[in-house]
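Asker: Here's the letter readout for the chains.
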Amino acid sequence: MRSVIDILDLSVEELDQLIKTATDIIDNPAKYAHVCAGKKLATLFFEPSTRTRMSFEAAMYELGGNVISMASAASSSASKGESVADTAKVISCYADIIAMRHPKEGAAYVLAHNATVPTINAGDGGHCHPTQTLADLLTIHREKGRFNNLTVGFCGDLKFGRTVHSLINALSRYEGINIALISPDELKLPSYVKKDVLQKKDIPYVQTTNLEEVMPALDILYMTRVQRERFFNEEDYLRLKDSYILTPEKLKNAKEDLAILHPLPRVNEISVAIDDDPRACYFKQVLNGKYMRMALILKLLKEAGTI
Amino acid sequence: MNIDSIQNGVVIDHIKAGQGMKLYELLHLDDIDASVAIIKNVTSNKMGKKDIIKIDADFEPDLDIIGFVDPDATVNIIKDGVLAGKRSIEMPEILEGVLKCKNPRCITCCEQELKQIFKLTDRENKVYRCIYCETKAQY
Numbered sequence: 001m002r003s004v005i006d007i008l009d010l011s012v013e014e015l016d017q018l019i020k021t022a023t024d025i026i027d028n029p030a031k032y033a034h035v036c037a038g039k040k041l042a043t044l045f046f047e048p049s050t051r052t053r054m055s056f057e058a059a060m061y062e063l064g065g066n067v068i069s070m071a072s073a074a075s076s077s078a079s080k081g082e083s084v085a086d087t088a089k090v091i092s093c094y095a096d097i098i099a100m101r102h103p104k105e106g107a108a109y110v111l112a113h114n115a116t117v118p119t120i121n122a123g124d125g126g127h128c129h130p131t132q133t134l135a136d137l138l139t140i141h142r143e144k145g146r147f148n149n150l151t152v153g154f155c156g157d158l159k160f161g162r163t164v165h166s167l168i169n170a171l172s173r174y175e176g177i178n179i180a181l182i183s184p185d186e187l188k189l190p191s192y193v194k195k196d197v198l199q200k201k202d203i204p205y206v207q208t209t210n211l212e213e214v215m216p217a218l219d220i221l222y223m224t225r226v227q228r229e230r231f232f233n234e235e236d237y238l239r240l241k242d243s244y245i246l247t248p249e250k251l252k253n254a255k256e257d258l259a260i261l262h263p264l265p266r267v268n269e270i271s272v273a274i275d276d277d278p279r280a281c282y283f284k285q286v287l288n289g290k291y292m293r294m295a296l297i298l299k300l301l302k303e304a305g306t307i
Numbered sequence: 001m002n003i004d005s006i007q008n009g010v011v012i013d014h015i016k017a018g019q020g021m022k023l024y025e026l027l028h029l030d031d032i033d034a035s036v037a038i039i040k041n042v043t044s045n046k047m048g049k050k051d052i053i054k055i056d057a058d059f060e061p062d063l064d065i066i067g068f069v070d071p072d073a074t075v076n077i078i079k080d081g082v083l084a085g086k087r088s089i090e091m092p093e094i095l096e097g098v099l100k101c102k103n104p105r106c107i108t109c110c111e112q113e114l115k116q117i118f119k120l121t122d123r124e125n126k127v128y129r130c131i132y133c134e135t136k137a138q139y
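Order-wise, the sequence lines are chains A and E. If you read the first sequence in our numbering, its first letter stands for residue 1, the second for the next number, and so on. If you read the second sequence in our numbering, its first letter stands for residue 1, the second for the next number, and so on.
Take these hints with a grain of salt, some might be off.
In silico DSS-like cross-links for lysine-lysine, where the CA-CA straight-line distance does not exceed 27 Å [stated by the list, open to error]: (1) A/K299 / A/K39; (2) E/K100 / E/K46; (3) A/K188 / E/K136; (4) A/K195 / E/K100.
Derived DEER-like restraints, expressed as beta-carbon distance ranges [stated by the list, open to error]: (5) E/E113 / A/M54: 50 to 58 Å; (6) A/P184 / E/T74: 48 to 56 Å; (7) E/A57 / A/R173: 51 to 59 Å; (8) A/R51 / E/D30: 49 to 57 Å; (9) A/N148 / E/K126: 46 to 54 Å; (10) E/Q138 / A/G305: 36 to 44 Å; (11) E/Q7 / A/N233: 27 to 35 Å.
These are calculated hints, taken from the structure and not from any lab test. Just so it is clear, CB atoms sit at the ideal spot from N, CA and C, and this is done for glycine as well.
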């Protein structure tokens, strides 16, 4: 059964098709309002994430479908020791499609290989979060009209930020991409991502600790939060959490058509003073995430012959 | 240094120097109730130095493990003191039940009934990754 664990599970052609579908959903919502009538999405969230869960649920409702939900590990059979494999087999009996978030890396693989309905990885620990990348890609496409010939800056936690790794992977498949990696030394992009993606595909990149230095060249600035839950050591988190805070001052030398993205939630890494700047795209990104999830649910249900 | 020839068993030769002990451990040769010799840093015209393992028992080695540790190693089967056959060694595409994922956040760390499976992702650099969390194999 088809599943999406990683953004690379989707070909460039499939991504293009998803963007087309999402755009059509935005333009003609009524056309899609009942396409999933009588179908059920199960959202299994073993790790707190109101945002992604609600986005999936809103997506299914807007397609005319229903949602059955497990909102926390404490309220599930996992608290009694049930394995992900068993959960996958059981929930497949109730739902037509499953979206799962789990704190353990690789849990999405176990789900996909045991479920008998299509599955979507809604985040498995620090590993992958493909639907966030779909939201990012639709936002870039709607703001820039293209994926080629862009200079993209990633700022903040590039070590544990799975959305950063996913988006770099996704963009690496397009021509003319330049990357700027802006982070404190302790949170640099892991060397395997640089080696396996950037160097392997000859993508030019700069690595710096200074955001202002690279700001004038950027078409996209992807800000990230330093995530407390990814640290084993609280002391390291406290030391690094305020490393980069985007303020109007820092945007002085930025392009007029820069697009500022952030996977949210934000803590304080983007000043609220920027929210009214037309370059701030992070709330549009949330909406785009819902449309891309709608497009993905539709695609997977169609491929499974469910609709 | 002389090591007696074996009559019936297996000789794993041309092992990259320093890899012999790793192979010994992964093949669980300490569990065999037979003579096993590990010869380290043997002078070799072709390799400079190499390791050799001789197992004096009718033993079928796991060729995937040998291919994972050193795909250039050779395996000779000895019967009645003479060479009776060779086994070809290749890097396996999948390595199952041999290594454990070292990523403490991997699902295999908390669900231990899951099979430990690694996939060859970079043949040139001999990189294997956990199929679940994609962490690079370490041994």
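Asker: With reference to the structure, classify each hint as holding or not holding.
Answerer: Comparing the hints with the structure gives:
no.	hint	verdict
1	A/K299 / A/K39	holds, 14 Å
2	E/K100 / E/K46	violated, 34 Å
3	A/K188 / E/K136	holds, 18 Å
4	A/K195 / E/K100	holds, 24 Å
5	E/E113 / A/M54: 50 to 58 Å	violated, 33 Å
6	A/P184 / E/T74: 48 to 56 Å	holds, 49 Å
7	E/A57 / A/R173: 51 to 59 Å	holds, 52 Å
8	A/R51 / E/D30: 49 to 57 Å	holds, 52 Å
9	A/N148 / E/K126: 46 to 54 Å	violated, 34 Å
10	E/Q138 / A/G305: 36 to 44 Å	holds, 42 Å
11	E/Q7 / A/N233: 27 to 35 Å	violated, 58 Å
Checked against the numbered hints above, the structure violates hints 2, 5, 9 and 11; every other hint is satisfied.
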